[in-house]
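Peer 1: One-letter residues, chain by chain:
There are 2 protein chains.
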Amino acid sequence: MISVVILGAGNVATHLYKAFAKADDVSVVQWYNRSLKSLQTYKNDVDITSDITNLKEADIYILSVSDDAVADLSKQLPFENRLIVHTSGSVNIHDLDKKNMRGVFYPLQTFSKNAEVDFSEVPICIEALEKTSHPILKELAQAIGCKSHRINGDQRASLHLAAVFVNNFANQLYRIAHEITESSGAEFDILKPLIKETARKIEELSPYMAQTGPAKRHDKKTIKKHLSLLENDMHTGIYKLLTKSIQQTHGKKL
Amino acid sequence: MISVVILGAGNVATHLYKAFAKADDVSVVQWYNRSLKSLQTYKNDVDITSDITNLKEADIYILSVSDDAVADLSKQLPFENRLIVHTSGSVNIHDLDKKNMRGVFYPLQTFSKNAEVDFSEVPICIEALEKTSHPILKELAQAIGCKSHRINGDQRASLHLAAVFVNNFANQLYRIAHEITESSGAEFDILKPLIKETARKIEELSPYMAQTGPAKRHDKKTIKKHLSLLENDMHTGIYKLLTKSIQQTHGKKL
Numbered sequence: 003m004i005s006v007v008i009l010g011a012g013n014v015a016t017h018l019y020k021a022f023a024k025a026d027d028v029s030v031v032q033w034y035n036r037s038l039k040s041l042q043t044y045k046n047d048v049d050i051t052s053d054i055t056n057l058k059e060a061d062i063y064i065l066s067v068s069d070d071a072v073a074d075l076s077k078q079l080p081f082e083n084r085l086i087v088h089t090s091g092s093v094n095i096h097d098l099d100k101k102n103m104r105g106v107f108y109p110l111q112t113f114s115k116n117a118e119v120d121f122s123e124v125p126i127c128i129e130a131l132e133k134t135s136h137p138i139l140k141e142l143a144q145a146i147g148c149k150s151h152r153i154n155g156d157q158r159a160s161l162h163l164a165a166v167f168v169n170n171f172a173n174q175l176y177r178i179a180h181e182i183t184e185s186s187g188a189e190f191d192i193l194k195p196l197i198k199e200t201a202r203k204i205e206e207l208s209p210y211m212a213q214t215g216p217a218k219r220h221d222k223k224t225i226k227k228h229l230s231l232l233e234n235d236m237h238t239g240i241y242k243l244l245t246k247s248i249q250q251t252h253g254k255k256l
Numbered sequence: 003m004i005s006v007v008i009l010g011a012g013n014v015a016t017h018l019y020k021a022f023a024k025a026d027d028v029s030v031v032q033w034y035n036r037s038l039k040s041l042q043t044y045k046n047d048v049d050i051t052s053d054i055t056n057l058k059e060a061d062i063y064i065l066s067v068s069d070d071a072v073a074d075l076s077k078q079l080p081f082e083n084r085l086i087v088h089t090s091g092s093v094n095i096h097d098l099d100k101k102n103m104r105g106v107f108y109p110l111q112t113f114s115k116n117a118e119v120d121f122s123e124v125p126i127c128i129e130a131l132e133k134t135s136h137p138i139l140k141e142l143a144q145a146i147g148c149k150s151h152r153i154n155g156d157q158r159a160s161l162h163l164a165a166v167f168v169n170n171f172a173n174q175l176y177r178i179a180h181e182i183t184e185s186s187g188a189e190f191d192i193l194k195p196l197i198k199e200t201a202r203k204i205e206e207l208s209p210y211m212a213q214t215g216p217a218k219r220h221d222k223k224t225i226k227k228h229l230s231l232l233e234n235d236m237h238t239g240i241y242k243l244l245t246k247s248i249q250q251t252h253g254k255k256l
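Chains as they are written, first to last, in my numbering: chain A, 3 to 256; chain B, 3 to 256.
Any given hint could be a false lead.
One copy or any two copies: either way a pair holds, since identical chains are not told apart in the list.
Said to hold, decoys possible - Each computed DSBU-like pair below joins lysine-lysine, with the alpha-carbon atoms no more than 35 Å apart:
| hint | residue 1 | residue 2 |
| --- | --- | --- |
| 1 | K140 | K254 |
| 2 | K39 | K133 |
| 3 | K226 | K194 |
| 4 | K227 | K254 |
| 5 | K218 | K242 |
| 6 | K133 | K242 |
| 7 | K101 | K254 |
| 8 | K227 | K115 |
| 9 | K77 | K227 |
| 10 | K194 | K115 |
Think of the hints as simulated: they come from the structure by calculation, not from any bench.
Isolated chain A, as found in the complex:
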């Protein structure tokens, strides 16, 4: 049985709490937040507190707060030599106060406030300054059905950056597609199977191998037609830049 204390009450903290509460091998001994208000819903299920000086003993302290608050919160902890981890993709592990053993437990997934999370689809990136911390962090991930990956700080930084491309930026392309279809009165919904299949294809093929379309084919006629249809300068700029990027990746047509 792994005992944990959760600190913070945001999206990730809440989803982790729910997953831990369901797991047989994890016990949430306490849930801390600066304000008790956001924890009230759970007060009958877990010991809640807003008093940082009053934290219970646990195997792992999970600091799941905003990036800017991690360092400060770790300094305020009233104990030493225990295992503390943050859950951020971009905060340096050394930002955690060194009086404790330090680690990272970074779930690389997008969490919505109200949607259920399927934790079998949440890879956990694990980092630890003390080698001895790895096994228990791996166990904690396994206990909630996650695959875990031991990575270093540079790798986490690059995964966090890459995640912005495949998540935020890909989603913005969906948004642009939404605007383009709406301007002609076409249904955006017609594109949803294609969106799903584009993501699914990556399971079998590398993105390099999966590429198709006018940019890769250097199909100037279609590219010209598309550019003439675009009415928004930002969309035109993105079309041109991503077309160029595809052509850089795939080289000249022979």
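Following the hints, put chain B in place on chain A, whose structure we already have.
Peer 2: What follows is chain B alone, placed relative to chain A:
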């Protein structure tokens, strides 16, 4: 029973042939291609020909050839007043020779040469110059398990353009993420659940509502960190432009 003749032997033609061959209510009476070579595999299952003057009678002639070849092929057809359709997203319906009844049967999906296609996930965009052609084209789509959508030419053009954003361009973002992770020795595979979830989320939320991340939050610190990690000018350009696009879409932080 709908009888069809397929003209062309590319990806789309071949996947359509396979779907029609399996369908109870469709009969492929002939398969034409300029060269018989690519049709040899199927010669025991269907009448194949490379002689355009020798086409059999059918309810629908499906011209599934490269965009540039559609107009010419339609002119060569040795009959009139029959229903001919092309399968392209970007060829104007009027490019088909007017001696026949003209339509479009455009499957909006990405087809790989060797992968099986799940036609229940292929929306068919239907266009026809003669009203009377709509029902049989809809029936043909239904016969292979597809949802069909009646659209006009402008809508097809905008869907084809939007498809480039959600398919080719999104895939290029996956490719860039692959390059970024590889440069630090992190596994690209760790990102695959996020890629899938980003596409899945669109089923429930509009892309506008689904957006998260540093660009939307105007999180200058993280954006600066990300820009400092990018080593490739093209990647930097794309990061900046899509960040700007997200901020344009979502407005200023209050």
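Peer 1: Hint by hint, note whether the structure agrees.
Peer 2: Against the structure, the hints:
Proximity of K140 and K254 under a CA criterion of 35 Å is satisfied in neither setting, with 46 Å inside one chain copy and 40 Å between copies. In this homomeric assembly, K39 and K133 never come within 35 Å of each other (Cα to Cα): the closest approach is 37 Å inside a single copy and 62 Å across copies. Taking the shortest Cα distances, K226 and K194 sit within 35 Å of each other both inside one copy (25 Å) and across copies (33 Å). In this assembly of identical chains, K227 and K254 lie within 35 Å of each other by CA distance both inside one copy and across copies; the values are 21 Å within and 33 Å between.
Taking CA atoms no more than 35 Å apart as the test, K218 paired with K242 passes in both settings, with 13 Å inside one copy and 23 Å between copies. Proximity of K133 and K242 under a CA criterion of 35 Å is satisfied in neither setting, with 47 Å inside one chain copy and 38 Å between copies. Taking CA atoms no more than 35 Å apart as the test, K101 paired with K254 passes in neither setting, with 56 Å inside one copy and 40 Å between copies. In this assembly of identical chains, the alpha carbons of K227 and K115 lie at most 35 Å apart only when taken from different copies (26 Å versus 41 Å within one copy).
Only between protomers do K77 and K227 lie at most 35 Å apart by alpha-carbon distance; the minimum there is 23 Å, versus 59 Å within a single protomer. When the C-alpha separation of K194 and K115 is checked against a cutoff of 35 Å, the pair qualifies both within a copy, at 23 Å, and between copies, at 21 Å.
In this structure, the earlier hints numbered 1, 2, 6, 7 are contradicted, and the remaining ones agree with it.
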